[in-house]
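These protein sequences, in sequence, are chains A and V.
Under the numbering used here, the first sequence has 165 at position 165, and the numbering climbs by one with no breaks.
Under the numbering used here, the second sequence has 20 at position 20, and the numbering climbs by one with no breaks.
As a list, the in silico DSS-like pairs of lysine-lysine whose alpha-carbon atoms are at most 27 angstroms apart: (1) V:Lys62 with V:Lys2; (2) A:Lys272 with V:Lys2; (3) V:Lys2 with V:Lys46; (4) A:Lys207 with A:Lys150; (5) A:Lys454 with V:Lys62; (6) A:Lys376 with A:Lys309; (7) A:Lys9 with A:Lys42; (8) V:Lys46 with A:Lys454; (9) A:Lys386 with A:Lys403; (10) V:Lys46 with A:Lys272; (11) A:Lys542 with A:Lys42; (12) A:Lys403 with A:Lys42.
Think of the hints as simulated: they come from the structure by calculation, not from any bench.
The structure presented is a predicted model; accordingly, all values stated were derived computationally and were not measured.
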Amino acid sequence: MKLLRVCMKHRSVGFVDIPEKYRLLGGRALTSSIICDEVDPKCHPLGPNNKLVFAPGLVTGTVAPSSGRLSVGGKSPLTGTIKESNAGGIPAQMLARLGIKAIIVEDQPDDDEMYILKIDASGAELLPAGDLAGKGMYEFNSLVRDRYGKGTGIIAIGPAGEMKLLNAGISCNDMENGPGRYAGRGGLGAVMGSKGLKAIIVIEDEKRRVPIANKELFDKGRKKLTDALTSHDVTSNALTNYGTAVLINIMNEAGGLPTRNFSAGRFEGAAKISGEAINETTGKRGGVGKTGHPCHPGCVIRCSNVWAKPDGSYHVAPIEYESDWALGANCGIDDLDVIAELNYICNDTGLDTIEAGCTLAVAMEAGLAEFGDGQKAIELLREVGKGTPLGRILGNGTEFTAKAFGVTRCPTVKGQSMPAYEPRAVKGIGVTYATTTMGADHTAGYTIAPEILKVGGDVDPATTEKAELARAFQATTVFIDTAGYCLFIAFAILDIPEGFEGMVETVNGVLGTNWTTDDVTRLGLEWLKREREFNEAAGFTKADDRLPEFMRYEELPPHNTVWDVPDEILDAVHDYEVEDKAERAG
Amino acid sequence: MKIELHLYATLRQYEPEGHQGVLEIEDGTTVEDLLVTMGVPLEQAKLVYVNGRRVNLDYTFKDGDRVGIFPPVAGG
Numbered sequence: 001m002k003l004l005r006v007c008m009k010h011r012s013v014g015f016v017d018i019p020e021k022y023r024l025l026g027g028r029a030l031t032s033s034i035i036c037d038e039v040d041p042k043c044h045p046l047g048p049n050n051k052l053v054f055a056p057g058l059v060t061g062t063v064a065p066s067s068g069r070l071s072v073g074g075k076s077p078l079t080g081t082i083k084e085s086n087a088g089g090i091p092a093q094m095l096a097r098l099g100i101k102a103i104i105v106e107d108q109p110d111d112d113e114m115y116i117l118k119i120d121a122s123g124a125e126l127l128p129a130g131d132l133a134g135k136g137m138y139e140f141n142s143l144v145r146d147r148y149g150k151g152t153g154i155i156a157i158g159p160a161g162e163m164k165l166l167n168a169g170i171s172c173n174d175m176e177n178g179p180g181r182y183a184g185r186g187g188l189g190a191v192m193g194s195k196g197l198k199a200i201i202v203i204e205d206e207k208r209r210v211p212i213a214n215k216e217l218f219d220k221g222r223k224k225l226t227d228a229l230t231s232h233d234v235t236s237n238a239l240t241n242y243g244t245a246v247l248i249n250i251m252n253e254a255g256g257l258p259t260r261n262f263s264a265g266r267f268e269g270a271a272k273i274s275g276e277a278i279n280e281t282t283g284k285r286g287g288v289g290k291t292g293h294p295c296h297p298g299c300v301i302r303c304s305n306v307w308a309k310p311d312g313s314y315h316v317a318p319i320e321y322e323s324d325w326a327l328g329a330n331c332g333i334d335d336l337d338v339i340a341e342l343n344y345i346c347n348d349t350g351l352d353t354i355e356a357g358c359t360l361a362v363a364m365e366a367g368l369a370e371f372g373d374g375q376k377a378i379e380l381l382r383e384v385g386k387g388t389p390l391g392r393i394l395g396n397g398t399e400f401t402a403k404a405f406g407v408t409r410c411p412t413v414k415g416q417s418m419p420a421y422e423p424r425a426v427k428g429i430g431v432t433y434a435t436t437t438m439g440a441d442h443t444a445g446y447t448i449a450p451e452i453l454k455v456g457g458d459v460d461p462a463t464t465e466k467a468e469l470a471r472a473f474q475a476t477t478v479f480i481d482t483a484g485y486c487l488f489i490a491f492a493i494l495d496i497p498e499g500f501e502g503m504v505e506t507v508n509g510v511l512g513t514n515w516t517t518d519d520v521t522r523l524g525l526e527w528l529k530r531e532r533e534f535n536e537a538a539g540f541t542k543a544d545d546r547l548p549e550f551m552r553y554e555e556l557p558p559h560n561t562v563w564d565v566p567d568e569i570l571d572a573v574h575d576y577e578v579e580d581k582a583e584r585a586g
Numbered sequence: 001m002k003i004e005l006h007l008y009a010t011l012r013q014y015e016p017e018g019h020q021g022v023l024e025i026e027d028g029t030t031v032e033d034l035l036v037t038m039g040v041p042l043e044q045a046k047l048v049y050v051n052g053r054r055v056n057l058d059y060t061f062k063d064g065d066r067v068g069i070f071p072p073v074a075g076g
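Just chain V, same shape as in the assembly (with noise of 0.2 angstroms):
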């Protein structure tokens, strides 16, 4: 199934090569395991959005998810 995936701010440089924001994952495959995948530390994925809202690393991803991974930041 495909995901369209967004890594942002320092997380960019794990992003597969060549990507172009749709990446083809197995099914069943969770937030944990993606993020082992692209080599990201898990505790630098600190916030991680799907559809618009935050999940936790168990979350197992759906075929069309619109994934946003995100590190540690704030603004205002």
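If we strip away everything but chain A, and leave its shape as in the complex, we get (with noise of 0.2 angstroms):
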């Protein structure tokens, strides 16, 4: 395995071995390690001292279940904080079989033009863009495709990139050439138009192989690990079936569906944009639309869905709850088919669809349309892609927005706007947006799983004390994301401890280690701690840990509550020290 060097000031590419100090690493333990190791935490994110760097996962490109994961870090122009976005799709896998452990994109071009990096078995090189730069990412991988043959994997951004957005994302394409599987939190796209490179293009050798040091041990702890996904109810069934918007309707039940920018915790549309009724239409309408679509070979869990018109014509996939719950019912718009063709506006422009989402919605609150207006929310959100004055404010994200037009309902934590759970409903959500390294994400320690589903534990959404659960999921989130596998895989494994002890064996059997299912949350705990020294170098304090203040006055519906989690439990997630001398004294 090699480190793939990429100099954009020089235009320059080389191959150079792997330090040993990142032997063990992959996914985003290596992202993160590259950034803090090579990058100046007070540099200019769109500057050339940042560096982007793209790494699949310990296991990814093995034929380990549901592990196609492509994590992309770099330090974050909407948070200004370090960043690691992970998508699925194909490149990451091909990458992996190529021998590449992870790209490590430099400086600048002194030119402003826009350039391709081409990887294949013979190596790799930069080529100008010609006239594949400034396409919107459908007629850009269809181009692609053309051009080096079907199946090619394709990383690259959307003209939102290339204007340096700061929502701006990243795309990898799916099983269809599809660009709708996004690295797109915290504008990392910005970062890849900044440094003139418009997309990686990698072309497999289908002989290579990802080398496994104990295929005995690998191959005992993937069988552990596929039982566990195909006997676990959730991701044998309900996300098969029904796709992650099958948390719509939960989520509203529980009262914490953050609608028309999070002004109340219930939609009254909710039942027209769940899971059910896109399980029932796509049914109906047949033609492409699917559900039970995988977002890269080899997944058992097949969230993904394909969206059809109401003719059965391809209109966009996937919809997923976060996707369906942005551009839906935190915009007031209850009809699949818009927030469709709004998903498919992201996807082609190359945009987050959550920060997007949450965008619009504080441009309702604004009056630049109506919530549930859904045909000026189109309209509005085709300006980005034209790179009008207001489509540039409104590619720069939620907070960006609500400064431009006086907004004080402003849902973002370190400049990123929340997802799909409401805090002041479901409190330790609230504890991870506030404190992870990366700005308000659920996916950084997903407490949901106890909090709402009964999953891996049972714990009431409404009490405060969560920095414990809070701190326990931040860092084995971190090691999932490090090992390639899908997050999803903990529904699973937290409730079936061999598939846990599957999941670490796969990692071992890669490695040559002996790690212990006890060494996950130490490690993530490590890697952790390494972020958060990034952030501080890079100026953030406990003050940055806290979310908006209107929720703490504003009393959320149906529940009619506020956030009232002490700022103490906030700082304790991450007060390592405070752990360590409680460790010694007890």
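With the hints in hand, could you dock these two chains into one complex?
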């Protein structure tokens, strides 16, 4: 395995051996370690001193189930913190099988040209993007397929990234060459644009394999993990049949579905945009629409879907819970075809759907459209790709838009908008939003599992004592993101201990390590600490680990509760010294 | 008394015929009683929310309760 260094200033590429300190790292731990080692925390995220790192997970590219994740890391222009955003799709497995442990993109070209990094079995080269620059993602992916062949892996930015807008994500193509698998959060697409890199295209060499140190152990672990995923009700049934949007109804019943820019916890149109509705409509319309769609080869969960227009033709893939909520309930929109069109615009322009939906909701609150006005929402979102002044405001995300229009109900932490769970109704997820190294991010520590879903425990969402819960989830998550597994394996392995062991055994099998399940938390905390140190050096303090003020004084119906988790609890999440002292004393 | 009842995901097949959201039940009916009446396997009713709060099988309904019942689900 090699590191691929790409210098955009000199337009040079070079493969180097893996330094010993990175040998046991992959995915998020690797992207974050490289950023910590090589990037000045005080640098401008869109300047020459930031770097962009792409890394498949440790087991990515093997036959381990649901493990095709690509981590992308850098200093975020949206949050100013370290950032890791990961995505499914097909390129990560291909990179891993080509022996690439990470790609490090450095510096910036002196001209304003856009380039494409092409990687295949013979090496890597930078090519002028030529007529591919400026293209929307659907046309771009189609042109790349025509020129480089079916099954080419594509990691790319749309016009939003080329314009260096703070809500620009990085697209990975899915098995049908759609661009809908995004490392969306944190504006890393703008970093890619600032480096003049339109895309990385990956051409597979099917004869190559990821090296595995202990095949027997790997196979044993793989079987245990696969058994857990195919026997747990959530990963074998609910996610496969209804997709992630199965959460719409349950968050609505729990009173925690943020509605109309976080002004209520229930949406009267929830049933119309639910996973059940997606499943039913997809069945009725026929054509290319489907549920149970895998985002990469070898996924046994298959939570993705393809949404078809009323005539059965392709509209968008996937409609995920987060996108469905952000562009739906949070904007007061109850029409799945409108949500699909908004999602399509995000995918084509190269925008994160969560940030885009929260931005539209803030714009609606500012009076740019009525809540629920789908056609106006579509018009507003189209402005982003056109690069108009209004489009650039909206393309810079929720907080930027709130400032531009004087909106105080701005649901962000460290500049990043909240996802689809109301912290006033579900306190643990609020603790995660406040204290993760990433800005408001549910995937950083998904306490919703025990608080709402009775998975991995049974915890009352209304109580505030959630420091330990948030810490444990954040630590375990870093390990899963490092291994390259989809976070959804957590639903099965948190309930089935053999599955958890199997996950660790696959990693040990690849690396030749002897890590135990206890090491998962230990290593996770160690890696988290590194990310925290970067943020501290960038100027972040405890005062930044807070939710927006309005949540402290605006009661959220139906529970009519405010955000009341004391600051001391938030500060305890990452106070490792207090933990160490307690351990020594205890 | 009346409750507002919604069954979700795979449990929708157990909704009483012609169910329009509101259900007339007898005083003292518990969650378990209702599930048995509708023929819902108890282990399938993993999550029962009443008025936005999760309750157990022994919860006794009150007039006007809003009830949502789910099989094991998750997302993200």
